[in-house]
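Produce the entire structure from the sequences given, and follow the hints as far as they go.
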Amino acid sequence: METGTKTNVDEITAGSGKSVSVLRFSGDISSTSRDTVLGAYGKIAKDRPVLLDFCRVDYINSSGIALVIQMMMEANKTGQEICAFGLTPHFQKVFTMVGITKYARLYPDENSAKATV
Amino acid sequence: MNEIKDSAVEVKLPSRLGFEKIAMGTAASVAKLMGFPDDRIEDLKTAVAEACINAIEHANRLDDNLSVGIVLSATDDSLEVKVIDEGEGVADRPASPDIDRKMHGEEGTRGMGMFLIEALVDEAEWVKGTKGDKSYVRLVIRLNKKGN
Chain G
4 METGTKTNVD
14 EITAGSGKSV
24 SVLRFSGDIS
34 STSRDTVLGA
44 YGKIAKDRPV
54 LLDFCRVDYI
64 NSSGIALVIQ
74 MMMEANKTGQ
84 EICAFGLTPH
94 FQKVFTMVGI
104 TKYARLYPDE
114 NSAKATV
Chain X
30 MNEIKDSAVE
40 VKLPSRLGFE
50 KIAMGTAASV
60 AKLMGFPDDR
70 IEDLKTAVAE
80 ACINAIEHAN
90 RLDDNLSVGI
100 VLSATDDSLE
110 VKVIDEGEGV
120 ADRPASPDID
130 RKMHGEEGTR
140 GMGMFLIEAL
150 VDEAEWVKGT
160 KGDKSYVRLV
170 IRLNKKGN
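As they're listed, the protein sequences go chains G and X. Quick note on my numbering: the first sequence kicks off at 4 and runs consecutively. Quick note on my numbering: the second sequence kicks off at 30 and runs consecutively.
Source of the hints: derived by calculation from the structure; they are not laboratory data. Do not take every clue at face value.
Unchecked claim - 27 Å max Cα-Cα, derived BS3-like pairs, lysine-lysine:
hint : chain 1 : residue 1 : chain 2 : residue 2
1    : X       : Lys61     : G       : Lys96
2    : G       : Lys96     : X       : Lys111
3    : X       : Lys111    : X       : Lys41
Unchecked claim - Estimated spans, in silico, between C-beta atoms of each pair:
hint : chain 1 : residue 1 : chain 2 : residue 2 : range
4    : X       : Thr104    : G       : Gly45     : 31 to 37 Å
5    : X       : Pro66     : G       : Glu14     : 39 to 45 Å
6    : X       : Arg130    : G       : Pro111    : 28 to 34 Å
7    : X       : Asp92     : G       : Asn79     : 34 to 40 Å
8    : G       : Met76     : X       : Val100    : 34 to 40 Å
9    : X       : Lys41     : G       : Glu14     : 52 to 58 Å
10   : X       : Gly161    : G       : Arg108    : 50 to 56 Å
11   : X       : Val38     : G       : Asp61     : 21 to 27 Å
12   : X       : Asp92     : G       : Lys46     : 31 to 37 Å
13   : X       : Val156    : G       : Asp112    : 25 to 31 Å
14   : X       : Gly64     : G       : Glu14     : 44 to 50 Å
Note that beta-carbon positions come from the ideal geometry of N, C-alpha and C, so glycine has one too.
Here you go:
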C-alpha cells in the first residue's frame, strides 16, 4: 500500500558559488522511510548546505515530518544550513504550523533555493 | 450541494500502516463531490490520515485482526468523518509540539498527529469507548467557512 521512499543525491553549485548537496526524495515519506531517509542524509558531506527536494514526494505524514526534524537536528549540531523546496502549498503550511520554518527555509522550487543558499 | 448530502459512506481498513491512504482518498472524493475547495480537501486528507494512523498504530497496536472503521456523513454544509478503533480511547491530549524542545532533544520528534488534526479541521473530538461502544475521533469540516 505504501510507495517506498527513494533518494538520490546531487552535488550542485549555488548562485553564491558554494557547493551544495541536493537530497532528492520520491514516493512516500512515512515511518517506514526512516532508514532510507536518515541513511541518505548521513552520507552527505556536512561542510556544505543541503537542499531537501520534495518535488516528487506523493505523501508525507507526521512520522515523515518527524524524519525531516531529525535531519534538521543533525544539521543543527554541525551548523549545516538546511533548506527545502518543492513542497505543495498544503505541506508548506503544515511545515510552518509545526515550526520547521524556524530552523529551515522553504522555497517553492530549486532555482529559488539555489539562488539564495 | 448534490445528491451526496444526507448520505453516509463507510470504509473498513485493516490495522496496517499505509492503508490510511484509502481513507484519505475516500474522504477527498466525498469532499470534492460536496464542493469543498482543493485547499480544504488537502487539510481533510492530512487530518483523516493522521486519525487513521493513530487508530492503526496506537489504538489497535498494528494488530491485523483489528480493524479501523471510517464513516463519512455529508450534510448540506458539513462533512463529518468518524475514525473508529478498537482501543480504549485517548486519555490525555498531548501538548502542542514545541519545535525548540524537539530540536534540543527535550521532546520526541514524533507526536504531532493530534495537533495537526485539530489545526486542520473545523471541529475535532476524541471520544473514549464505553461498554459496547467503540472509541472514535470525530472530525468536521464546514462548507460555509469564509472563503469556501
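Worksheet item: Do the beta carbons of X:Val156 and G:Asp112 sit within 25 to 31 Å of each other?
Response: 43 Å, violated
Item to complete: Can you let me know if the beta-carbon spacing of X:Thr104 and G:Gly45 is within 31 to 37 Å?
Response: 50 Å, violated
Worksheet item: Per the hint of 34 to 40 Å, is the separation of the Cβ atoms of G:Met76 and X:Val100 within bounds?
Response: Because 39 Å falls inside the window, the suggested range holds.
Worksheet item: So the hint says 39 to 45 Å: do the beta-carbon atoms of X:Pro66 and G:Glu14 match that?
Response: 40 Å, holds
Fill in: Distance restraint between G:Lys96 and X:Lys111, which requires alpha-carbon spacing of 27 Å or less
Given that 27 Å is the threshold and the Cα spacing comes to 24 Å, the pair holds.
Worksheet item: Taking 21 to 27 Å as the hint, is the beta-carbon distance of X:Val38 and G:Asp61 inside that range?
Response: The hinted range 21 to 27 Å holds for X:Val38 and G:Asp61, with Cβ atoms some 23 Å apart.
Worksheet item: Taking 52 to 58 Å as the hint, is the beta-carbon distance of X:Lys41 and G:Glu14 inside that range?
Response: 48 Å, violated
Practice prompt. Mind checking the hinted window 31 to 37 Å against the Cβ distance between X:Asp92 and G:Lys46?
Written response: 36 Å, holds
Worksheet item: Is the distance from the Cβ of X:Gly161 to the Cβ of G:Arg108 consistent with 50 to 56 Å?
Response: Once the Cβ atoms are compared, 52 Å apart, the range 50 to 56 Å for G:Arg108 and X:Gly161 holds.
Discussion item. A range of 28 to 34 Å was offered for this pair. Does it hold for the Cβ distance of X:Arg130 and G:Pro111?
Written reply: Given a distance of about 29 Å, which is inside 28 to 34 Å, the answer is holds.
Discussion item. I want to verify a distance hint. Is the separation of the beta carbons of X:Asp92 and G:Asn79 within 34 to 40 Å?
Written reply: 37 Å, holds
Worksheet item: Quick one, are X:Lys61 and G:Lys96 close enough, alpha carbons at most 27 Å?
Response: Distance of about 21 Å is within 27 Å: holds.
Figure legend: structure checked against the earlier numbered hints; hints not met, in rising order: 4, 9, 13.
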